[in-house]
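Engineer: Chains as they are written, first to last, in UniProt numbering: chain A, 1 to 268; chain B, 1 to 328.
Source of the hints: derived by calculation from the structure; they are not laboratory data. Fair warning: there could be bad hints in the mix.
Residues on chain A that point at chain B, a partial pick, calculated with CB under 10 Å [claimed, not checked]: (1) 54; (2) 55; (3) 56; (4) 60; (5) 90; (6) 97; (7) 115; (8) 123; (9) 125; (10) 133; (11) 135; (12) 147; (13) 151; (14) 158; (15) 196; (16) 250.
Result set (DSS-like, lysine-lysine): computed pairs, CA atoms no more than 25 Å apart in a straight line [unchecked claim]: (17) A:67 <-> A:132; (18) B:215 <-> B:281; (19) A:200 <-> A:256; (20) B:132 <-> B:202; (21) A:256 <-> A:132; (22) B:68 <-> A:200; (23) A:256 <-> B:68; (24) B:215 <-> B:202; (25) A:67 <-> B:202; (26) A:200 <-> A:215; (27) A:215 <-> A:256; (28) B:97 <-> A:200; (29) B:132 <-> B:68; (30) B:97 <-> A:256; (31) B:281 <-> B:132.
If you want the ones that stay clear, here's a sample from chain B, every Cβ over 12 Å from chain A, calculated [as the list claims (entries may be wrong)]: (32) 59; (33) 174; (34) 179; (35) 181; (36) 191; (37) 194; (38) 215.
Idealized CB from N, CA, C, for every residue including glycine.
Spelled out, the chains give:
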Amino acid sequence: MLRLSSALFLLWASTLVLLSSARPLSQLGGVKIFVRDEATTYDASDFDVLFQGNQDFRDDVDPQLLKDLAEHGQEPPFLFIGCSDSRVSEGTVFNAEPGTLFTQRNIANRFSREDLNARSAVAYGVEDLHVKHIIVMGHYGCGGVAASVASPPAQPWDEATAAVQQWIAPIRTVYQSSEREEVVALRNANQGQTNVPAPKLHDPGFRALVEENVKNTVQALATDTIVVESYLNATGKSHPFYIHGWVYDIENGQVKDLGVSVGPPGHH
Amino acid sequence: MVALGFKLLFALAALSSAFAHPIREARDIRIVGRSTSAVVRRQEGSEFAAIVEGNNAFRASDPALLQKLADEGQEPPFMFLGCSDSRVSEGTVFGAKPGTFFTQRNIANQYQPTDPNSQSVLAYAVSELGVKHIIVMGHYGCGGVAASIASPPGSNVDAANSAVQAWINPIRELLQQSSRPEIVALRESIKGSTTVEEPDIKDPGFRALVEENVKVGVGRIAQDSVIVNHYALLAANSTGTVERRSGEGGPAGDVFIHGWVYDIENGEVRDLGVSVGPPGKAIPAAPFAAVASAAEKASAAHQAPAQNVEVRCAEMCKSKRNFLPQDH
Numbered sequence: 001m002l003r004l005s006s007a008l009f010l011l012w013a014s015t016l017v018l019l020s021s022a023r024p025l026s027q028l029g030g031v032k033i034f035v036r037d038e039a040t041t042y043d044a045s046d047f048d049v050l051f052q053g054n055q056d057f058r059d060d061v062d063p064q065l066l067k068d069l070a071e072h073g074q075e076p077p078f079l080f081i082g083c084s085d086s087r088v089s090e091g092t093v094f095n096a097e098p099g100t101l102f103t104q105r106n107i108a109n110r111f112s113r114e115d116l117n118a119r120s121a122v123a124y125g126v127e128d129l130h131v132k133h134i135i136v137m138g139h140y141g142c143g144g145v146a147a148s149v150a151s152p153p154a155q156p157w158d159e160a161t162a163a164v165q166q167w168i169a170p171i172r173t174v175y176q177s178s179e180r181e182e183v184v185a186l187r188n189a190n191q192g193q194t195n196v197p198a199p200k201l202h203d204p205g206f207r208a209l210v211e212e213n214v215k216n217t218v219q220a221l222a223t224d225t226i227v228v229e230s231y232l233n234a235t236g237k238s239h240p241f242y243i244h245g246w247v248y249d250i251e252n253g254q255v256k257d258l259g260v261s262v263g264p265p266g267h268h
Numbered sequence: 001m002v003a004l005g006f007k008l009l010f011a012l013a014a015l016s017s018a019f020a021h022p023i024r025e026a027r028d029i030r031i032v033g034r035s036t037s038a039v040v041r042r043q044e045g046s047e048f049a050a051i052v053e054g055n056n057a058f059r060a061s062d063p064a065l066l067q068k069l070a071d072e073g074q075e076p077p078f079m080f081l082g083c084s085d086s087r088v089s090e091g092t093v094f095g096a097k098p099g100t101f102f103t104q105r106n107i108a109n110q111y112q113p114t115d116p117n118s119q120s121v122l123a124y125a126v127s128e129l130g131v132k133h134i135i136v137m138g139h140y141g142c143g144g145v146a147a148s149i150a151s152p153p154g155s156n157v158d159a160a161n162s163a164v165q166a167w168i169n170p171i172r173e174l175l176q177q178s179s180r181p182e183i184v185a186l187r188e189s190i191k192g193s194t195t196v197e198e199p200d201i202k203d204p205g206f207r208a209l210v211e212e213n214v215k216v217g218v219g220r221i222a223q224d225s226v227i228v229n230h231y232a233l234l235a236a237n238s239t240g241t242v243e244r245r246s247g248e249g250g251p252a253g254d255v256f257i258h259g260w261v262y263d264i265e266n267g268e269v270r271d272l273g274v275s276v277g278p279p280g281k282a283i284p285a286a287p288f289a290a291v292a293s294a295a296e297k298a299s300a301a302h303q304a305p306a307q308n309v310e311v312r313c314a315e316m317c318k319s320k321r322n323f324l325p326q327d328h
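Isolated chain A, as found in the complex (with noise of 0.2 Å):
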């Protein structure tokens, strides 16, 4: 794709150059001035980017698979449960192809069983794609986080305060009640401020509280209805399950498994 998106470039800019060479207005002592006929500007729209990636998407995707993707539906091996976070895009990190990660994203890679969103995503995933795999996967450097660490904004709170707050209440548990060492040791650094500001990305409490949410996330999964209806009915055994709990560092795009998976009773 490095090579397609600089081809691209030189010929853009050639095309530029051609059409910047109208036609000579005078020559002067052997020098031709050349004049545009008319402006040829660039018209750039904040749009340009998705239209270009989307052409290029076309061009280098094999037309093929997206026609039996259409026909025969999609076989996703993955359900993926991810942030919203705009760094971290699963078709993206993974350089999957399309048909790979049925995914769920939401602040914080969050599940939880009075959320209907990410419950019947998780259902569709389990129960009519039959995937093989849940990933969680949470990511270092995460807002809603970080938001959990830091000190709620001032009261009264407008609506777009208020929903994220309540959105990310249960991580604000999370980060109360860990028993981590890191998270404790932020805690404790943390007590009596006022004002605690947002993490930074390196603080060793972070990070743990980051793959704590993961985890506290496959939990919520493991134990949901939905799971564990699937892991003890027929479905579940002739479709088995894992769920498994990464975290992903937006610093340099590695993936690390916290070693936290979960399968059906008793499957090989």
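Once you've looked at the hints, dock chain B against the given chain A.
Structural biologist: Frame of chain A, contents of chain B only:
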């Protein structure tokens, strides 16, 4: 520059094999939640190989960008509301670099003001990140929309299918209420039947319902208090600042909402032409083609004539005035 890229790729490949990448290791699984933990051999799946390789290639492609985004924080120009469908990952279909889209993906790209999940994403996108464009994108062949057309499961109701049915119920309602001709025709054809199957991807009623579902989403976002409050802030021309993740406050900026549809058969993106913006502001045009003219012509007879941007904004402003705070 390409040669340097290759050298970097080789170096990283050598390094990563030296460090035995964690997710390549075969791991046995410990069952959580039993009184005694049991170690079970995990099946070696080739499905992981593809994403591990993909991640390696990605990590080599632009490490400087990753470091910059980590150091400076994200400033995505776009919020994306899309479908969970594995064929429509926004990063992939737009060839987008990291840092482009702040994303919510759920079944059938729905927005409901009573859904804390999607509302928190909208809230964070607008008030914390200051995104400029919100893109709602549906896709032909959407399973969630198809399921809203098909008959609900009869006797075999479990936790899983009741969750899906509850989530797609608003689309069932849209199917019943829409006055768009293709949808009316579809409705008539399935009336009274209890064994309706999921429709074919090319079915005009199905395609129309995919589009109408996107339009309804755009409308709901436009009427959400997050947007209403934000547009009121802009209109009042106040010096109210938008708190950004990086800590820098800045003046509240314009936010536009767009409805697009993606064709899974060929990767095409089309604009439904229902964009909304702050009153009085010209809406930036998306370079994507409008939806197929056949569908548009059919619906034109039942909708208001095409208006220019100013008139459209004025009309919308009139209806939105009811939702503005009393002291506006």
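Engineer: Do the alpha carbons of residue 200 (chain A) and residue 256 (chain A) lie within 25 Å of each other, as the hint requires?
Structural biologist: 20 Å, holds
Engineer: Verify the proposed pairing of residue 68 (chain B) with residue 200 (chain A), using a straight-line Cα cut of 25 Å.
Structural biologist: Cα-Cα ~15 Å, so holds.
Engineer: Are residue 151 (chain A) and chain B close enough, Cβ to Cβ, to be under 10 Å, as the hint says?
Structural biologist: At about 13 Å, which exceeds the 10 Å cut-off, the nearest Cβ of chain B leaves the hint on residue 151 (chain A) violated.
Engineer: Residue 256 (chain A) and residue 132 (chain A) were given as a pair; does the straight-line alpha-carbon distance stay at or below 25 Å?
Structural biologist: 19 Å, holds
Engineer: Taking the least C-beta to C-beta distance, is residue 125 (chain A) closer than 10 Å to chain B?
Structural biologist: 8 Å, holds
Engineer: Tell me if residue 250 (chain A) is really an interface residue toward chain B, meaning its C-beta lies closer than 10 Å to one of theirs.
Structural biologist: 5 Å, holds
Engineer: Decide if the proposed pair is consistent with the structure: residue 215 (chain A) and residue 256 (chain A), CA atoms, cutoff 25 Å inclusive.
Structural biologist: Cα-Cα ~13 Å, so holds.
Engineer: Does residue 215 (chain B) pair with residue 281 (chain B) here, judged by a C-alpha cut-off of 25 Å?
Structural biologist: 20 Å, holds
Engineer: Would you settle whether the hint for residue 55 (chain A) is holds or violated, based on the nearest Cβ-Cβ distance to chain B being less than 10 Å?
Structural biologist: OK, holds: residue 55 (chain A) within 10 Å of chain B, min 8 Å.
Engineer: When you check the alpha-carbon spacing of residue 67 (chain A) and residue 132 (chain A), does it fall within 25 Å?
Structural biologist: The hint holds at about 23 Å.
Engineer: Has the given pair, residue 256 (chain A) with residue 68 (chain B), been kept, meaning a C-alpha gap of at most 25 Å?
Structural biologist: Holds, because 21 Å separates the two Cα atoms, which is no more than 25 Å.
Engineer: For the hint on residue 158 (chain A), does the least C-beta distance to chain B fall short of 10 Å?
Structural biologist: Hint on residue 158 (chain A): holds, closest Cβ of chain B at ~6 Å, below 10 Å.
Comparing the model with each numbered hint stated earlier shows that hints 13, 15, 20, 32 do not hold.
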